[in-house]
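So the protein lines, in turn, are chains A and X. So for the first sequence, the numbering used here puts the first residue at 1; every next one is plus one. So for the second sequence, the numbering used here puts the first residue at 1001; every next one is plus one.
Any given hint could be a false lead.
Heads up, simulated DSS-like pairs for lysine-lysine below, C-alpha to C-alpha not over 30 Å straight-line [said to hold, decoys possible]:
no.	chain 1	residue 1	chain 2	residue 2
1	X	Lys-1166	A	Lys-108
2	A	Lys-183	A	Lys-197
3	A	Lys-122	X	Lys-1166
4	A	Lys-135	X	Lys-1271
5	A	Lys-28	A	Lys-197
6	A	Lys-65	X	Lys-1003
7	X	Lys-1166	X	Lys-1003
8	A	Lys-28	A	Lys-65
9	A	Lys-71	X	Lys-1104
10	A	Lys-108	X	Lys-1171
11	A	Lys-135	A	Lys-181
12	A	Lys-122	A	Lys-66
13	X	Lys-1146	A	Lys-135
14	X	Lys-1104	A	Lys-135
15	X	Lys-1003	X	Lys-1104
16	X	Lys-1165	A	Lys-108
17	A	Lys-181	X	Lys-1165
18	A	Lys-108	X	Lys-1301
19	A	Lys-183	A	Lys-122
20	A	Lys-63	A	Lys-135
21	A	Lys-63	X	Lys-1165
Some but not every residue of chain A turned toward chain X, in silico, with C-beta under 7 Å [claimed, not checked]:
no.	residue
22	Tyr-53
23	Lys-65
24	Ser-68
25	Pro-72
26	Arg-82
27	Lys-88
28	Ala-101
29	Thr-153
30	His-194
31	His-195
32	Met-196
33	Asn-226
34	Val-229
35	Tyr-233
It should be emphasised that the hints constitute simulated quantities derived from the structure, not laboratory data. Cβ atoms here follow ideal geometry from the backbone N, Cα and C, with glycine treated the same way.
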Amino acid sequence: MAMLEVKGVSRFFGGLAALSDVSFSVEKGEILGLIGPNGAGKTTMFNVVNGFYAPSRGEVWFKQKKISGLKPHQVCRTGIARTFQVVKPLQRMSVLDNVIASAFLRVKSRAEAEGIALEAIKFTGLIDDMDMISKGLPLGKRKKLEIARALATQPEMILLDESFAGLNSAELDESIGIIRKIKDRGITIMIIEHHMKVIMAISDRIVVLSYGQKLAEGTPHEIGHNPLVIEAYLGEAESA
Amino acid sequence: MKKTLPLIIAGLLALLPLIGLSSYWMHILILVIMWSVIGMAWNLLGGYCGQVSFGHAAFFGVGAYTAGILYNKLGISAWWGLPASIFIVTIFALVIGYICLRLKGPFFALGTLAMGVILRVSAENLSGITEGDLGIMIRQRTWIEKTWYFYIILLLAVIAFYLVKKVVESKLGYYFVAIREDQDAAESLGINTTLYKTIALCLSAVITGTAGAFYTNYMGYIDPKIVFALHDISIVTIMVVMVGGVATYWGPFVGAIIMVFLAELIRTIPKLGAAHHTFFGILLIVIIIFLPNGITGDNPKLKKLLRIGKAA
Chain A
1 MAMLEVKGVS RFFGGLAALS DVSFSVEKGE ILGLIGPNGA GKTTMFNVVN GFYAPSRGEV
61 WFKQKKISGL KPHQVCRTGI ARTFQVVKPL QRMSVLDNVI ASAFLRVKSR AEAEGIALEA
121 IKFTGLIDDM DMISKGLPLG KRKKLEIARA LATQPEMILL DESFAGLNSA ELDESIGIIR
181 KIKDRGITIM IIEHHMKVIM AISDRIVVLS YGQKLAEGTP HEIGHNPLVI EAYLGEAESA
Chain X
1001 MKKTLPLIIA GLLALLPLIG LSSYWMHILI LVIMWSVIGM AWNLLGGYCG QVSFGHAAFF
1061 GVGAYTAGIL YNKLGISAWW GLPASIFIVT IFALVIGYIC LRLKGPFFAL GTLAMGVILR
1121 VSAENLSGIT EGDLGIMIRQ RTWIEKTWYF YIILLLAVIA FYLVKKVVES KLGYYFVAIR
1181 EDQDAAESLG INTTLYKTIA LCLSAVITGT AGAFYTNYMG YIDPKIVFAL HDISIVTIMV
1241 VMVGGVATYW GPFVGAIIMV FLAELIRTIP KLGAAHHTFF GILLIVIIIF LPNGITGDNP
1301 KLKKLLRIGK AA
């Protein structure tokens, strides 16, 4: 069953088409990788799904309900959480308070929210840093904090925007582990990533965007051997 | 200890009138506590929720005029202004919020500043309702002695303190701070930022409005230039919180003590008395540079600075 359906979505900024007529769907429980060269429209796609932008054309459906046109907080309530490429922690709050703030989405009392938050913090391995003020966290931990906050909203689907960029190889392995664990919980994942090895290793399927259009869709193996994709990334072989 | 501290302080304050303070000192005390209330109100919106208002005189003035008009037009006690202002100020806050809360950062500040000015000019000109520049005079004051006024404002302060504390420690408080820190992140974490900013504004406005209604009863006279004043109300409100400590429970109280005493002190200096705004301005610059979190917020830093001062 398709969890998320993107149906013919276009998004224009003035005359520029950041996305033009893109359609794909994400199946329940899978990890869908969204890749493409810089400026291909990946983050714009996240912003459309998440509700920051309304699509100029087309619709987004989640669990058989139309979500395009909803505000981000309403989209989040339907069960889609996201992280940001440029991490946005609530700077002057401690790690724990950050996660508690998002845990309040589904519960009313502080004790319940703290329970959910602590679980998300343990899950992402931030337990030793939970009293730190977020401003002082190194990048790797801030990325984890983004994931912990998203998880604390108890989503059915999570959008991860470059959760691996700028991490060292030890942190990379750890983050891959976290994402696999998220999948094991039955949460559907859509992930934007530049790190090819990572995306090839963890994705069930991959959608490739280029200049705002869908270039290809398939398993990591198919994508790795698709001449169009190789061309988009490496340039046309003949013209060199 | 921490939990009972507010009660102890309130209890000690409640004992103060018993030691036979002069009328002047009672007046100073009442002003300090009134400014703490307004500061706490502003702090909820500006300190915790990050929506810096330059127009809190609007809510103070509406509260004051609610009490004044009830007395003047309906002939009932101006004390009814206290409960009535809760209702009236909420309506004003909803309208002002609807207009201003779609603006962010400095634009919100300017929007609220404009609202304060609009209300002042309206109050000056709607003389059928407000008596215009003549102002409203409460001809028969409830008490000549200041003691009861003191207890009433102290009660208001205690209620405001616990209300703010309760709100800040609840889901609302977390949402307010999340909005202050990053509105986009808050929104995508499922927080209806427009709704929660409106709640913060209404709570803040209502507390400020009751202080305004108290003011009418206490001073016995209001006019638009006093209760809708930009310098003497809106700006001083911000200073009380900035000096005392933004987003701290005790900041507004500490700030109110300093601001009221400073104003009195400067007034007694010959020739310079009229220039008290200049001194406030200099103080604000010094605070922003050296103690950006205010005296309560930068307490450890302040202690360090003073120790260095002593050693040198």
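Do the hints match the structure? See the list:
For the hint pairing Lys-1166/X with Lys-108/A, the CA-to-CA distance comes to about 14 Å; that is within 30 Å, so the pair holds. A hinted pair counts as satisfied when its Cα atoms are at most 30 Å apart, and Lys-183/A with Lys-197/A qualifies at roughly 18 Å. A distance of roughly 28 Å separates the Cα atoms of Lys-122/A and Lys-1166/X; the hinted pair therefore holds under the 30 Å criterion. For the hint pairing Lys-135/A with Lys-1271/X, the CA-to-CA distance comes to about 48 Å; that exceeds 30 Å, so the pair is violated.
Under the criterion of a C-alpha separation no larger than 30 Å, the hint pairing Lys-28/A with Lys-197/A is consistent with the structure, at around 24 Å. Using a Cα cut-off of 30 Å, the hinted pair Lys-65/A and Lys-1003/X is violated, with the two alpha carbons roughly 48 Å apart. A distance of roughly 12 Å separates the Cα atoms of Lys-1166/X and Lys-1003/X; the hinted pair therefore holds under the 30 Å criterion. Restraint check for Lys-28/A and Lys-65/A: the C-alpha separation of about 15 Å stays at or below 30 Å, so the hint holds.
Simply put, Lys-71/A and Lys-1104/X have alpha-carbon atoms about 17 Å apart, close enough for the 30 Å limit, and the pair holds. Of the pairs offered as hints, the one joining Lys-108/A and Lys-1171/X holds, with about 7 Å between alpha carbons and a cut-off of 30 Å not exceeded. At roughly 27 Å between alpha-carbon atoms, Lys-135/A and Lys-181/A fall within 30 Å of each other, so this suggested pair holds. For the hint pairing Lys-122/A with Lys-66/A, the CA-to-CA distance comes to about 34 Å; that exceeds 30 Å, so the pair is violated.
Proposed proximity of Lys-1146/X and Lys-135/A is contradicted: the alpha carbons are some 49 Å apart, above 30 Å. For the hint linking Lys-1104/X to Lys-135/A, the alpha-carbon distance of about 22 Å falls within 30 Å, and the restraint holds. Among the hinted pairs, Lys-1003/X with Lys-1104/X is inconsistent with the structure: their alpha-carbon atoms are about 36 Å apart, more than 30 Å. Of the pairs offered as hints, the one joining Lys-1165/X and Lys-108/A holds, with about 17 Å between alpha carbons and a cut-off of 30 Å not exceeded.
Of the pairs offered as hints, the one joining Lys-181/A and Lys-1165/X is violated, with about 39 Å between alpha carbons and a cut-off of 30 Å exceeded. With a C-alpha separation of about 36 Å, the suggested pair Lys-108/A and Lys-1301/X falls outside the 30 Å cut-off, and the hint is violated. Of the supplied pair hints, the one linking Lys-183/A and Lys-122/A holds, its CA atoms being roughly 16 Å apart against a limit of 30 Å. Restraint check for Lys-63/A and Lys-135/A: the C-alpha separation of about 36 Å exceeds 30 Å, so the hint is violated.
Of the pairs offered as hints, the one joining Lys-63/A and Lys-1165/X is violated, with about 40 Å between alpha carbons and a cut-off of 30 Å exceeded. Restraint check, Tyr-53/A versus chain X: the minimum CB separation of about 12 Å is more than 7 Å; hint violated. A hinted interface residue such as Lys-65/A counts as satisfied when its beta carbon comes closer than 7 Å to some beta carbon of chain X; here the least separation is about 16 Å, so the hint is violated. The interface hint given for Ser-68/A is broken, as the beta carbon of that residue sits about 15 Å from the closest beta carbon of chain X, more than 7 Å.
Annotation: interface hint on Pro-72/A holds; nearest CB of chain X at approximately 4 Å, less than 7 Å. The closest approach between the C-beta of Arg-82/A and any C-beta of chain X is roughly 6 Å, which is under the 7 Å cut-off, so the hint is satisfied. Evaluation of the Lys-88/A hint against chain X yields a held restraint, the C-beta minimum of about 4 Å falling below 7 Å. Proximity of Ala-101/A to chain X holds as hinted, the smallest CB-CB distance being about 4 Å (cut-off 7 Å).
Interface restraint check for Thr-153/A: the shortest CB-CB distance to chain X comes to about 5 Å, inside 7 Å, so the restraint holds. For His-194/A, the interface hint is violated, since its Cβ never comes within 7 Å of a Cβ in chain X; the closest pair sits about 22 Å apart. A least Cβ separation of about 23 Å between His-195/A and chain X goes past the 7 Å threshold, and the interface hint is therefore violated. Interface restraint check: Met-196/A against chain X, minimum CB-CB distance 27 Å, threshold 7 Å, status violated.
For Asn-226/A, the shortest C-beta to C-beta distance to chain X is roughly 32 Å, which exceeds 7 Å, and the interface hint is violated. Look at Val-229/A: its Cβ only gets to about 30 Å from chain X, farther than 7 Å, so that hint breaks. The closest approach between the C-beta of Tyr-233/A and any C-beta of chain X is roughly 30 Å, which is over the 7 Å cut-off, so the hint fails.
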